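**Student:** Each residue of the sequence shown is one higher than the one before, starting from 1 at the first, in this note's numbering.
You may find that some hints are simply not true.
In the EDC-like style, the derived pairs of lysine to aspartate or glutamate whose C-alpha atoms are separated by at most 16 Å in a straight line are [as the list claims (entries may be wrong)]:
| hint | residue 1 | residue 2 |
| --- | --- | --- |
| 1 | K239 | E151 |
| 2 | K162 | D272 |
| 3 | K216 | D170 |
| 4 | K45 | D133 |
| 5 | K271 | E159 |
| 6 | K271 | D211 |
| 7 | K18 | D121 |
| 8 | K216 | E159 |
| 9 | K18 | E69 |
| 10 | K104 | E138 |
| 11 | K278 | E151 |
| 12 | K239 | E279 |
| 13 | K25 | E146 |
| 14 | K257 | D133 |
| 15 | K45 | E126 |
| 16 | K216 | D172 |
| 17 | K257 | E214 |
| 18 | K169 | D211 |
| 19 | K162 | E86 |
| 20 | K169 | D121 |
| 21 | K169 | E214 |
| 22 | K61 | E23 |
| 23 | K18 | E126 |
| 24 | K25 | D121 |
| 25 | K25 | D63 |
| 26 | K265 | D170 |
Honestly, the hints are just simulated from the structure, not real lab data.
Note that the coordinates shown come from a computational prediction; the quantities given were computed from them, not determined experimentally.
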Amino acid sequence: MIKSMTGFGKSVIQLPAKKITIELKSLNSKSLDLNARIPSQYREKELQMRSTIAGALVRGKVDFGLYVEITGEETSSQVNEAVVREYIRQLRNITDAGDIELLKMAVRMPDALKTERADIDEKEFEAISRALDEAIAETDTFRREEGSALEKDFLLRIENIKHLLEQVKDLDPQRMAHVRERLEKAVADARENVDENRFEQELIYYLEKFDITEEKVRLANHLDYFVSSLNSEDSNGRKLGFIGQEIGREINTIGSKANYAPMQKIVVQMKDELEKIKEQVLNVL
């Protein structure tokens, strides 16, 4: 079963003094492009969290956010009293402002607040790790659901191309008769002066150049391979993309050999269906 690279997962944990929210958003990308937004106090665990996400999500443009909301009395910032008092003393020498105004000015000065960087509590990080796993699992479920929708669309497009291929097969005898007629008419004036056996040999040569039997067989095989690959364990966007390229080559060759307007119209419809497949393959993991 295929997975989409599009996904979203969220997990919220409530600790005694803070609420922590973890969010994961994933979009399509050729490789893993992981962007992390986390508070500075959790930076020492960033590599570990990145490794967990990379191992689970594999590919895609992933935005990882860890947000902390203080809900208790805990705070990492404190007023630097000695510095603030010194600012107030200096300000009194240059202004007649009252104590409240001096305090307002002082707390906006550099180093008025000091932030104490506390070590991460291991139990807290264990809770964060569990929440991250939950967000990853939710993202994976989202990807599976999106993948299921993509699979239905792929099967529809492949079936449409198969139906169009049947139309090509039905038209082929008529097309070859038309091509033969055109070739015979093109050399009708010179035929009297040409050796009959040589003429027949040349005619067969050109008819073989316009023959699309191999292309029809290969295209049918590629279409079946695409469908079987959708349900294989090793199914992935890159593999499906390669098969799509092979499908495109056969369709293009049929179009270039057609030399028959009704068949070329069918080829255009095939190309349209294939383009829709290629666009969606870019979203497959």
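**Student:** Would you mind marking each hint as holding or not holding in the structure?
**Tutor:** Right, here's what the structure says about each hint:
1. K239 <-> E151: 14 Å, holds
2. K162 <-> D272: 13 Å, holds
3. K216 <-> D170: Holds, at roughly 12 Å.
4. K45 <-> D133: Given that 16 Å is the threshold and the Cα spacing comes to 15 Å, the pair holds.
5. K271 <-> E159: Measuring from Cα to Cα gives roughly 13 Å; hence the hint holds.
6. K271 <-> D211: 20 Å, violated
7. K18 <-> D121: 13 Å, holds
8. K216 <-> E159: 15 Å, holds
9. K18 <-> E69: With a Cα-Cα distance of about 5 Å, the restraint between K18 and E69 holds, given a limit of 16 Å.
10. K104 <-> E138: This hinted pair is violated, its Cα atoms lying about 47 Å apart.
11. K278 <-> E151: Since the Cα atoms of K278 and E151 sit roughly 13 Å apart, the hinted pair holds (cutoff 16 Å).
12. K239 <-> E279: Status holds; Cα separation ~14 Å.
13. K25 <-> E146: Measuring from Cα to Cα gives roughly 14 Å; hence the hint holds.
14. K257 <-> D133: 55 Å, violated
15. K45 <-> E126: Holds, at roughly 11 Å.
16. K216 <-> D172: 10 Å, holds
17. K257 <-> E214: 12 Å, holds
18. K169 <-> D211: 12 Å, holds
19. K162 <-> E86: Roughly 83 Å separates the two Cα atoms, so the pair is violated.
20. K169 <-> D121: 70 Å, violated
21. K169 <-> E214: 12 Å, holds
22. K61 <-> E23: 14 Å, holds
23. K18 <-> E126: Holds, at about 15 Å.
24. K25 <-> D121: 27 Å, violated
25. K25 <-> D63: Distance of about 5 Å is within 16 Å: holds.
26. K265 <-> D170: Holds. K265 to D170 sits at ~14 Å (cutoff 16 Å).
Of the numbered hints given earlier, the model fails hints 6, 10, 14, 19, 20 and 24; all others are met.
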